[in-house]
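Trainee: Construct the complete structure from the given sequences, taking the supplied hints into account.
Chains G and L, in that order, give the protein sequences. Under the numbering used here, think of the first position of the first sequence as 1, with each following residue one higher. Under the numbering used here, think of the first position of the second sequence as 506, with each following residue one higher.
By construction, these hints were calculated from the structure, which means they are not laboratory data. We treat Cβ as the ideally placed atom computed from N, Cα and C, and that holds for glycine. Treat the hints with caution; some may be incorrect.
Label pairs and their calculated CB-CB ranges [what the hints assert, rightly or not]: (1) 700(L) - 261(G): 25 to 31 Å; (2) 729(L) - 96(G): 45 to 51 Å; (3) 42(G) - 705(L): 56 to 62 Å; (4) 700(L) - 46(G): 43 to 49 Å; (5) 740(L) - 378(G): 46 to 52 Å; (6) 544(L) - 95(G): 51 to 57 Å; (7) 95(G) - 556(L): 36 to 42 Å.
Below, computed lysine-lysine pairings styled on DSS-like, alpha-carbon distance capped at 27 Å [claimed, not checked]: (8) 308(G) - 196(G); (9) 747(L) - 265(G); (10) 96(G) - 142(G); (11) 516(L) - 308(G); (12) 96(G) - 262(G); (13) 96(G) - 143(G); (14) 262(G) - 49(G); (15) 142(G) - 196(G); (16) 308(G) - 698(L); (17) 747(L) - 708(L); (18) 747(L) - 96(G); (19) 747(L) - 49(G); (20) 143(G) - 262(G); (21) 699(L) - 747(L); (22) 308(G) - 142(G); (23) 262(G) - 516(L); (24) 708(L) - 698(L); (25) 516(L) - 96(G); (26) 96(G) - 308(G); (27) 509(L) - 529(L); (28) 529(L) - 516(L).
Which residues of chain L face chain G? A partial, calculated answer using Cβ under 8 Å [said to hold, decoys possible]: (29) 524; (30) 574; (31) 606; (32) 632; (33) 741; (34) 748.
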Amino acid sequence: MSSNLGSMPLRYRVTIDREQCMECERCINNCSYGVFRRDGDRILINSRKCTACHRCLAYCPRDAIMLEEQPCDYRSHPVWTRATREAIYNQARTGKIILAGMGSVANLPVIFDHLMLDACQVTTPPTDPLREPVELRTYLGKKPSHLDLCRNSNGDVELATELAPNLMLETPVMLGHMSYGAISLNAQVSMARAAKETGTYMGTGEGGLHAGLYPYQDRMIVQVASGRFGVNIDYLERGAAIEIKLGQGAKPGIGGHLTGEKVSKDVSRTRMIPEGSDAISPAPHHDIYGIEDLSQLVRAIKEATEWKKPVFAKVAAVNNTAENVAAVARSSVDAVVIDGFRGGTGAAPRVFRDHVGIPIEVAVASADRELRRQGLRNEVSLIACGSIRESADVVKAIALGADAVYIGTAALAAMGCRVCGNCYQGLCPWGIATQRPDLVERLDPDVASKQVANLIHAWTLEITELMGAAGINSIESLRGNRDRLRGYMLDENMLNVLDVEPVGA
Amino acid sequence: MMAKQVTIDAKGMHYTPLNQQIRKAVEDGADEVVVQNVLGQRFIGDGLRGNATIHVYGVAGGDLAMFMSGPTVIVHGNAEHAPGNTMDSGKVVIHGSAGDAVAHSMRGGKVFVRGNIGYRGGIHMKQYEAQRPILVVGGSARTFLGEYMAGGLLVVLGLDGAMDARGIGSGIHGGEIIIRGNVDDACLAAGAKKVPLTDEDRKRIAPVIREFAGDFGLDPEPLLNADYTRIVPASARPFAGKYTWE
Numbered sequence: 001m002s003s004n005l006g007s008m009p010l011r012y013r014v015t016i017d018r019e020q021c022m023e024c025e026r027c028i029n030n031c032s033y034g035v036f037r038r039d040g041d042r043i044l045i046n047s048r049k050c051t052a053c054h055r056c057l058a059y060c061p062r063d064a065i066m067l068e069e070q071p072c073d074y075r076s077h078p079v080w081t082r083a084t085r086e087a088i089y090n091q092a093r094t095g096k097i098i099l100a101g102m103g104s105v106a107n108l109p110v111i112f113d114h115l116m117l118d119a120c121q122v123t124t125p126p127t128d129p130l131r132e133p134v135e136l137r138t139y140l141g142k143k144p145s146h147l148d149l150c151r152n153s154n155g156d157v158e159l160a161t162e163l164a165p166n167l168m169l170e171t172p173v174m175l176g177h178m179s180y181g182a183i184s185l186n187a188q189v190s191m192a193r194a195a196k197e198t199g200t201y202m203g204t205g206e207g208g209l210h211a212g213l214y215p216y217q218d219r220m221i222v223q224v225a226s227g228r229f230g231v232n233i234d235y236l237e238r239g240a241a242i243e244i245k246l247g248q249g250a251k252p253g254i255g256g257h258l259t260g261e262k263v264s265k266d267v268s269r270t271r272m273i274p275e276g277s278d279a280i281s282p283a284p285h286h287d288i289y290g291i292e293d294l295s296q297l298v299r300a301i302k303e304a305t306e307w308k309k310p311v312f313a314k315v316a317a318v319n320n321t322a323e324n325v326a327a328v329a330r331s332s333v334d335a336v337v338i339d340g341f342r343g344g345t346g347a348a349p350r351v352f353r354d355h356v357g358i359p360i361e362v363a364v365a366s367a368d369r370e371l372r373r374q375g376l377r378n379e380v381s382l383i384a385c386g387s388i389r390e391s392a393d394v395v396k397a398i399a400l401g402a403d404a405v406y407i408g409t410a411a412l413a414a415m416g417c418r419v420c421g422n423c424y425q426g427l428c429p430w431g432i433a434t435q436r437p438d439l440v441e442r443l444d445p446d447v448a449s450k451q452v453a454n455l456i457h458a459w460t461l462e463i464t465e466l467m468g469a470a471g472i473n474s475i476e477s478l479r480g481n482r483d484r485l486r487g488y489m490l491d492e493n494m495l496n497v498l499d500v501e502p503v504g505a
Numbered sequence: 506m507m508a509k510q511v512t513i514d515a516k517g518m519h520y521t522p523l524n525q526q527i528r529k530a531v532e533d534g535a536d537e538v539v540v541q542n543v544l545g546q547r548f549i550g551d552g553l554r555g556n557a558t559i560h561v562y563g564v565a566g567g568d569l570a571m572f573m574s575g576p577t578v579i580v581h582g583n584a585e586h587a588p589g590n591t592m593d594s595g596k597v598v599i600h601g602s603a604g605d606a607v608a609h610s611m612r613g614g615k616v617f618v619r620g621n622i623g624y625r626g627g628i629h630m631k632q633y634e635a636q637r638p639i640l641v642v643g644g645s646a647r648t649f650l651g652e653y654m655a656g657g658l659l660v661v662l663g664l665d666g667a668m669d670a671r672g673i674g675s676g677i678h679g680g681e682i683i684i685r686g687n688v689d690d691a692c693l694a695a696g697a698k699k700v701p702l703t704d705e706d707r708k709r710i711a712p713v714i715r716e717f718a719g720d721f722g723l724d725p726e727p728l729l730n731a732d733y734t735r736i737v738p739a740s741a742r743p744f745a746g747k748y749t750w751e
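Mentor: Written out as structure tokens, the structure is:
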């Protein structure tokens, strides 16, 4: 398409230290974007193709490659930033909606970073996790509002209340829903093995369940989204739990769209759609046009699976999340997942990614409070997700009222992802967000599963230490325990919403 | 060998024990399950497998035969919304009318409705390899017929008068909608287009019409020779031109 805009300034500039370079061509072989090529006795560089995925740097044996972001300045301007100007140039050229990969890049304060955790000193002694157990085992699902007991013929007291099915997690960290198609099968298998090894669960995303994951199906939470891709009775029965996706933090209020280019033969088989066809997930479920219909879908799924499996529902964090969650909690679901506005995605309209939704910290705190106010907190577990970056975020999310978290980007990073945000190109040199066989092969599930398991293990250790330091010996005592949080540089309104005291109080 | 028949009286029964009894009957080898006195119980045949035939007498509740894989459900009465929802294979025959979102996301099998259907009929029907769902409506359908349709065949016969649905095929990107008689252009949604029904198409739908007529005791001949309007996607990639990358 013709325009008078010419080329945009380079996003990245790649240079090679020719003194260091031994011309081994690993950069050429590793870069799937085509930055490097050999021309005679020289390796040439096309920086315009670079995505800052770091694959070349990571595999250069001589540290000869250097990368610089935004090597060309615009006239600095606080309003007309580089991003706003470049979006205008893009849309002036194309007239289209801008899509972008991964989570929000809006430079807004992260509330987690303004919440400080508590520790014991002399009035209460800390617990040493080496000496005393600190229990992280978490059960997700409905808890009875009260217990009925009865005496059996031997005179022993037994539980008469029928318990709803729960998922048992050894650590409150789960692996979030990233579909086959958005990511590679090797990436999914790596995470599934890690989930099995660490005693947690993993989401399938809306892409069906590939046969390669059947060995881990008792660790899989299978998703039912509006497109119903890959959903049949076998799929529902294989999962340990079933999650209805109502919304997504990266793009609240809109559906999903896997482009035909990504629907390879294998992806088509798993999603049960024709090869090369667009997979369009509408914004609403077309059997849910009101909150009472959600109850019907939840019960339809429970009825199909004979009430043996927990059913979750995921909503994006938006203005009235607390009311949404309370409504969902009355629909027979066993857990509600809240996805904050920083949640990741393979592709979302930039305008949604950066402007729609609310932070997970606020959403989970207000939902927890509303559920308690309505006497519904035992009816559902709360799962927080959307930019859980480290173990401290997990602890803070739980103290704000979550039962567990999902991680997405963090798990991808554990497998090599550098958060370059070019997932949509389908050329991920790390073998994660791609279906190209030679690239997928680069991700060895034997190695990557260990890395993901290591991350979960390391976070679990850190959570244990943080809890021990606070004198908390079980995760139940941390849940919703806002007294162990203090707000640092948060305004009074925000503290009220979070129901957290300021530092020093 | 005699076909094994089991009769269940659903009067006043909640849907969960009702489905448990149906499942048990099918597991125990029943070829035919007759369910009497159905009054709005939802989820009948939900997730059911096998190849038994379930006769439902009364009004079936919502999500009849949802996720079903194999059996045949015959409703001697009306059905509430979304019969055949996300159905994989098998057949649903409804002698009366049905509510909204009939055959929602159906991937395979057949849903035949003798009477009318509500809004959003055949919404997001899809197909995959040998699985190609078929929805045939004897009467009329309401607005947003075949919305988001991604595959399969949807036929409306208009036996009781012409259809007045608008917004037909909004967002359709696969499959075909065939309506007896003429359809005004103004009734088509953006993304759908009319094409002539070719002799090949007519041959293709003939067995479907014969089967439908057979199930409801109708004479197929006038239907086979009638005029039809065929509606297909204007594009297989309705959103392809909407986006650019950051």
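Trainee: Would you check the hint for residue 509(L) and residue 529(L), treating anything up to 27 Å between C-alpha atoms as holding?
Mentor: With Cα atoms ~13 Å apart, residue 509(L) and residue 529(L) stay inside 27 Å; holds.
Trainee: Is the Cα-Cα distance between residue 96(G) and residue 262(G) 27 Å or less?
Mentor: Holds - the C-alpha atoms of residue 262(G) and residue 96(G) are around 21 Å apart, at most 27 Å.
Trainee: How does the Cβ-Cβ distance of residue 740(L) and residue 378(G) compare with 46 to 52 Å: does it lie in that range?
Mentor: holds, 50 Å
Trainee: Going by Cβ atoms only, is residue 741(L) closer than 8 Å to chain G?
Mentor: Interface hint status for residue 741(L): holds (7 Å vs cutoff 8 Å).
Trainee: Hey, residue 516(L) versus residue 308(G), does the alpha-carbon distance stay inside 27 Å?
Mentor: Judged against 27 Å, a Cα distance of about 26 Å means the pair holds.
Trainee: With a cut-off of 27 Å on the C-alpha distance, tell me whether residue 96(G) and residue 308(G) pass.
Mentor: violated, 46 Å
Trainee: Given a hint of 56 to 62 Å, does the C-beta separation of residue 42(G) and residue 705(L) actually sit inside it?
Mentor: holds, 60 Å
Trainee: Compare the distance between the alpha carbons of residue 516(L) and residue 96(G) with 27 Å, and conclude whether the hinted pair is satisfied.
Mentor: Not OK: residue 516(L) and residue 96(G) at ~57 Å, beyond 27 Å, violated.
Trainee: Regarding the pair residue 308(G) and residue 196(G), is the alpha-carbon distance no greater than 27 Å?
Mentor: Judged against 27 Å, a Cα distance of about 20 Å means the pair holds.
Trainee: Given the proposed pairing of residue 747(L) with residue 708(L), does the C-alpha separation stay at or below 27 Å?
Mentor: violated, 37 Å
Trainee: So if I understand the rule, the pair passes when the alpha-carbon distance is 27 Å or less; does residue 747(L) with residue 49(G) pass?
Mentor: Status holds; Cα separation ~23 Å.
Trainee: Take a look at whether the Cβ-Cβ distance between residue 700(L) and residue 261(G) falls inside 25 to 31 Å.
Mentor: Since the Cβ atoms of residue 700(L) and residue 261(G) sit about 27 Å apart, the hinted range of 25 to 31 Å holds.
Hint compliance for this structure: hints 7, 10, 13, 16, 17, 20, 23, 25 and 26 are not met, and every other hint is.
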